[in-house]
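Here's the letter readout for the chains.
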Amino acid sequence: MSVEKKKSKGIKNRDNMGWLFIAPFLIVFLTFSIYPVLRTLYLSFTDYSGFNQPTWTGLTNYKRVFTDKLLWEAFGNTIKIWGINIILQLGVAFLLTIVFSDIKYKMRGLSVFRALFYLPNLIACTSVAFLFKTLLDWKFGSVNQILTGLGITDTAVDWLGTPVLLRTVVGVIGAWMWFGNSFIMLMAGVQGINGDYFEAAAIDGAGRWTIFGKITLPLLRPIMLYVAITSLIGGLQIFDIPYLVSLGNQKMTRSVNTAVMHLYNMAFKNRQIGYAGAIAFILFFIIAICSIGIYFAMYAKKEDD
Amino acid sequence: MKAKKLTALALAGVMVLSMAGCGNSNADSSTASNNNAASDSNASSGSTAADNSTASDGSTPSSSTGEKLVVWTLADDLKQFAARYTEQTGVDIEINVVAPADYSTKLTSALGAKSSEVDIIVGEPQMLGNFFEAGFFADLSALDAEAKEQIVEYVYEAGKDDAGVLRALSYQVTPGAIIYRRDLAQEIFGTDDPDEMSKKFKDFDTILQTAEEVKAAGYRIFSDSGNLRWYANAGSAWVVDGVLQVSDAKLGYMDAAVKLYQDELVAFAPEWSAAWYASMAGELPLDAGWSDLAELEGAEMTQVFSYSLPSWGALIVRDNANDNKGNFGICSGPCSYFGGGTFIGVNTYSEHQETAADFVRFCTLNEDTAQWWLETSNGDVVSNKAVLDANQDYENPSFGNQKTYEFYLEEANNIDYSVVTKYDDSIGNFWGASIEAIQKGEMTKEEAIEDFYMQVETTFPEITVIK
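First to last, the protein sequences are chains X and Z.
In terms of our numbering, the first sequence opens at residue 1 and continues consecutively.
In terms of our numbering, the second sequence opens at residue 1001 and continues consecutively.
If we strip away everything but chain X, and leave its shape as in the complex, we get (with noise of 0.2 Å):
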């Protein structure tokens, strides 16, 4: 009896271990991940403008964020240079694949390229844009002296000072960045199918198209579903490319200003951090909604099958 208590006590013991083995990650987790959410919802229902005691208003700030016209403009300025950002890249990351994935191209030095095309992603942002806006420079950048040197435009393009084309640099710049991050996940994920399967087809005399559309693309949707999913989320968070190419221009601020740069001037320029909290909460909700929507559309997709 004695002996049977002592062993069971010794297996507790050691499955109480666990929470120690465990403990540092769920310390700094809680800290500084679970807290500052929760806080922040606090706030949300408040008036805390960093410098005074925050005072309870209720749905206040809430409703005030779907009357919030600056907002859902910057929204729909998130919203296309995202557009921009995702055609590019999935569209190259895409074309990528494929090349690398064909067995008949056989393209060697797939390693050597999978660094490259990451490497503007291992760039600091603010080196990124420090470049882009060097480079885009509307009298004296390389661009505009290569395209008025070759004759292209007659004029120098007022790259970042038109709305329209700075959107666009900044959905670029955005692609260009993690264009190799998706190209690599595909490349893992085709590199994950059985190759009997290309070779069965191929046997059977399908063509590349075919075998792209059949075995390629239906094979990789777990992979894609997790693309496009982590591609919408960063892409809805866009930041600091948008803020850093636009720094010290007001006006151009605003034509690349998403949602959130509208939610960091709003806490820390116009101190309305419980406003602020509820433009983050009601953000969360919209991402969230769009990747149970891409994460649905998928797997029905999948069904019809």
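By construction, these hints were calculated from the structure, which means they are not laboratory data.
No false leads were mixed into what you were given.
Taking lysine to aspartate or glutamate and the EDC-like style, the derived pairs with C-alpha atoms no more than 16 Å apart in a straight line are: (1) K1215(Z) / E1264(Z); (2) K63(X) / E1462(Z); (3) K251(X) / E1447(Z); (4) K1403(Z) / D1193(Z).
Chain X is fixed; fit chain Z onto it per the hints.
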């Protein structure tokens, strides 16, 4: 194999080192900043207080009370004040200069947690409202009577909270002016007399007329149309009793800024650009924008006739004037205004309230200090009325022997602090963006004003907008 092992070892070493670096970084940086601050205050006390520099090493008690004040400030000025204070009282002072962009955040997080690690805190006028509301600045009512008597009125007003309690004071005033080129004035108008020049800048219409005359002579009135922004508050505040005011002065500023831009009456060199600095010494390329001057060889050249800047800006013009030094004059614009200035106060949670208040008093309400600072800073305009009075007859060689302290005292006395609101920065930016949209022909005046109303309404729901 050996190489692999070595690499692994090296990588592990790097990781350990970097982690050790992380762990210690706080302690390291704080001691480092302490050391820096200590050495700074030693360096600045330097020749004047050689005996004190040993005291502040900490080996011997540095003062009779053994107290030490910690200051968080925005600019280097207070280092010199601190050295002088230490020299006179023996109280040791540690100065930490914080970048303006980080100051609010640093102060908010420290004082939000009721920290007593800092004794003296500062703020620029636009930050003060929030800091007062948060209760960071201790009550300085004990100094109120002295301040009211000694300090230029607008500074005294700016240092009071909504309830009228004095919480901060400044050792300087920053009244603005038009700084103009005397030689060009002679050439264009046949006179360089400041009173005559003030007439050329008396309102927006006259400024436009002057701009035409200056352009006809081959020069430009301003570096860019932003020079007019200081006068947006002429006559009325942006917000009165919670209602947005788009007064005639504001519309006048808008029209004038658009005309200056569209008729190319300015040189298109923004403030702080290389061309702007270059213009103070002579010629600059037209339409330089933010470009490097070396890239603009062969461009059409011009000269800038005048600058609208607060008193610290006059020192920038003076220090970049090179051969033009002594060739500038100072006159009034459409209204008196001020820009910036460092206000000093005591941290509510400081454990050295009395000593800290004494330091504020020393910096702001002491005539000897004010006279000393006026000489040491080589041109800063102090807030002490008596000292400005005493220096009224000083003829400033950098400005054609003009009596600059007399001029600034009068401008400072004319500043109407009641037109300053906490919204000025944001609303001023919205108005500036609307002006830019009209200048570049992207919006009509009506559209731009409509858009301005929308921005104010959505950003500050508490402000009523009557269209």
